[in-house]
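So the protein lines, in turn, are chains A and H.
Count along the first sequence starting at 1, add 1194, and that's the number in this note's numbering.
Count along the second sequence starting at 1, add 44, and that's the number in this note's numbering.
Please note that a few of the clues may not be correct.
Stated by the list, open to error - As a list, the in silico DSBU-like pairs of lysine-lysine whose alpha-carbon atoms are at most 30 Å apart:
| id | chain 1 | residue 1 | chain 2 | residue 2 |
| --- | --- | --- | --- | --- |
| 1 | H | K405 | H | K463 |
| 2 | H | K463 | A | K1330 |
| 3 | A | K1330 | H | K450 |
| 4 | H | K463 | H | K450 |
| 5 | A | K1345 | A | K1316 |
| 6 | A | K1345 | H | K463 |
| 7 | H | K201 | A | K1359 |
| 8 | H | K430 | A | K1330 |
| 9 | H | K168 | A | K1330 |
| 10 | A | K1330 | A | K1222 |
| 11 | A | K1316 | H | K168 |
| 12 | A | K1345 | H | K141 |
| 13 | A | K1316 | H | K450 |
| 14 | A | K1330 | A | K1409 |
| 15 | H | K430 | H | K405 |
| 16 | H | K141 | H | K87 |
| 17 | A | K1409 | A | K1359 |
Claimed, not checked - Selected chain A positions facing chain H (in silico; Cβ < 10 Å):
| id | residue |
| --- | --- |
| 18 | G1215 |
| 19 | E1250 |
| 20 | V1251 |
| 21 | D1269 |
| 22 | A1270 |
| 23 | G1288 |
| 24 | N1293 |
| 25 | A1298 |
| 26 | L1299 |
| 27 | R1302 |
| 28 | N1306 |
| 29 | L1356 |
| 30 | Y1404 |
If you're looking for bench data, these hints aren't it; they were derived computationally from the structure.
These numbers were taken from a predicted model, which means no experiment stands behind them.
Note that CB positions come from ideal geometry on N, CA and C, so glycine has one too.
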Amino acid sequence: MNYLEIKDLRAQIEDKEILRGLNLTIPKGEVHAIMGPNGSGKSTLSKVLAGHEDYEVTSGSAILDGEEILGMKPDAISRLGLFLAFQYPLEVPGVSIANFIRAALQGRLAENETIDAVGYYKDLYGCMDELGIDRKFTSRSVNEGFSGGEKKRCEILQMAMLKPKYCILDETDSGLDIDALKIVAKGVNQMRNPDRGILVITHYQRLLEYIIPDKVHVMWEGGIALTGGKELALELEAKGYDWVREELVA
Amino acid sequence: MNSLDNGSSVNTESVDSFADESLFRAFAEERSWEPGWMADFRKESWEYYRAHTSPVHKDERWRFSPQARLSLSAFAPPSGTNDESTSVIDSSEEDLKEKGVTLGLFSEVLLNNPTVLEGLSNLKGPNLGADKVHFLAQAFSGHGIVLHVPKGVTLEKPIMVRHLAPPDGRVRFYRTIMILEEGANATLVETFISPNNQDASVVCSAANVVANSNAKATRILVQDLNRNSSFYQLDTKQACRDAGVRCCSLHLGSAQSRFENLAIAAEEGAEIDLLGLSVGKGTQLFDQRTRQLHLAPNGRSDLLYKNALLDQSKAVFSGIIKVEAQAQQTDAYQTNRNLLLSPEAEADSLPGLEILANEVKCSHGSTIGEIDEEQLFYLLSRGISKASAEELLVNGFLDEVLKRLKNEELADLLREHLKGKFSR
Ligand SMILES: Nc1ncnc2c1ncn2[C@@H]1O[C@H](COP(=O)(O)OP(=O)(O)OP(=O)(O)O)[C@@H](O)[C@H]1O
Ligand SMILES: [Mg+2]
């Protein structure tokens, strides 16, 4: 029950198969990392799990705490407890961060319940302070005119506020300066707990020095090609993806 | 009982009870207490109505409009009695009398203070297509509101007015007369609502806003009628020397509505802002016609109309900026943006310029955009339901217009109405 289990997942877009029989299990309480070359399908995996309807799932399953999420609507998947920090967060003009996150929390309540505004702002400001986001941002439109790093922090802010059971962070470290990287890593580490599974997608070993993963997977042409401990990231950094190719041929 | 109109009026109307002389006479009879000039003005307007022949289907000003939906033919004209009190004025400004302000229902002012309305026949309609309906509004007006603010007087708080639509099968004509004398400053907010969710009736609001030199007039109209109603908004706004007029219409209700807006920068340095927001659901129709007319130099006018269209709703926008030869150094802008939230929603946009002066800054633009699927996915992926996501995106889209009000209190008031549109 207590894991996100992906089995034999195949998905395509416009008749091009991108995920080709992928298997991966993320238990609660663990942090896993996925590394892999550009175009290997990392973002596709995260979007398929989040319920993006452009991708056609042709086989397989993704079970979140016992429930099949493939075929569910994105909002239902989110409410079940999956969170995706986008590689490229979208701009939503005219919708303030405060209203956006509030709507997301409201979506988790029964129809006759409403959010207590005072408690909400207390939580929101608390999370913002932790992540070094100026409180003025609450009234700014979501991601509009944000720098690359500000967008990524804002993703983590949403994650912290929504307290999901499983988090997928798609290259949240890309575009962050060194200080921001540390802050974001701290934010993620604070969310590590026995009731939460985390998957970080990254190109850089450096992030994994701050967020120490329990397992590292290498994604290759739409599947998980190698799995190891945190030292696998170091090995990859040293040897490059040609090494993976050779390993696979061997 | 009804006279046949021989097809000379709106082409879909074969029976026209408004043209029935005995009905008009009965109406006038009921209002025999009015000053003679008013009776003459009604009669003259009614005769214009009868004489006016415009084959609407050939009229460029009705292009793209499913005008049959806006026909009045199925509705009964109002009676002349001052029946129920249908409009409620809420003014927290206490010393209106002291300040010499005239504020009251149209019929009240006509009875108690008719001199304020003596210039009524000089206040023209927008005449952007629904000319006949405006003649009717002049002939049959019995409801509405009059606000006259004397020279140099500022009203700090907005005057709030709530108008109730007539009962099923009826038309009611509301006149809004807002006149600000030199240097005066006032805000008028009018809300139109229905007595219930069923009654199919027609509300016709014909407003004239006049800001004399250095005056600042703000007028907000909220149309939140039930979904069986029809609505006409026929507005003329005029700004004199260095005066400012800011107008905003929020259209949420009615099955169909036609709004015509004529804004005249009549004297040097006049400034006019025309704002419009509409949210369409079901098969709602918003038919919008505007004209920014610059008659004098150094004027500025800026129009921003935004329509968010869900389901099978439809908006038509047709606007013209006209700058006369003498109106040099005019800045005039016109923007119409449409957001389609459904593949069946529809928008037509016809912006236009007619510039006779050579030293002006003018631009017009229009966009018809669909909802960005990736943006929607982003919202959904946060657990926000599709309906709430659409509401957020619509509010986000309209926010630009609300900001232009430059008054958070008024913006919040409109936001409240917008909320209601989505909780229905
Ligand atoms: N909407 C789409 N239409 C066509 N091809 C797509 C689409 N989305 C993804 N692809 C293709 O699928 C492949 C995998 O893309 P994906 O974004 O999942 O890679 P990635 O592993 O996240 O790469 P990166 O490290 O660059 O972020 C790429 O070849 C990409 O071009
Ligand atoms: Mg990617």
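Right, here's what the structure says about each hint:
no., hint, in the structure
1, K405/H to K463/H, "violated (37 Å)"
2, K463/H to K1330/A, "holds (25 Å)"
3, K1330/A to K450/H, "holds (20 Å)"
4, K463/H to K450/H, "holds (20 Å)"
5, K1345/A to K1316/A, "holds (21 Å)"
6, K1345/A to K463/H, "holds (28 Å)"
7, K201/H to K1359/A, "violated (50 Å)"
8, K430/H to K1330/A, "holds (28 Å)"
9, K168/H to K1330/A, "violated (48 Å)"
10, K1330/A to K1222/A, "violated (35 Å)"
11, K1316/A to K168/H, "violated (55 Å)"
12, K1345/A to K141/H, "violated (56 Å)"
13, K1316/A to K450/H, "holds (29 Å)"
14, K1330/A to K1409/A, "violated (38 Å)"
15, K430/H to K405/H, "violated (42 Å)"
16, K141/H to K87/H, "violated (33 Å)"
17, K1409/A to K1359/A, "holds (18 Å)"
18, G1215, "violated (25 Å)"
19, E1250, "violated (15 Å)"
20, V1251, "violated (16 Å)"
21, D1269, "holds (4 Å)"
22, A1270, "holds (8 Å)"
23, G1288, "holds (3 Å)"
24, N1293, "holds (7 Å)"
25, A1298, "holds (4 Å)"
26, L1299, "holds (8 Å)"
27, R1302, "holds (6 Å)"
28, N1306, "violated (13 Å)"
29, L1356, "holds (7 Å)"
30, Y1404, "violated (25 Å)"
In the structure shown, a violation is registered for the earlier hints numbered 1, 7, 9, 10, 11, 12, 14, 15, 16, 18, 19, 20, 28 and 30, in ascending order.
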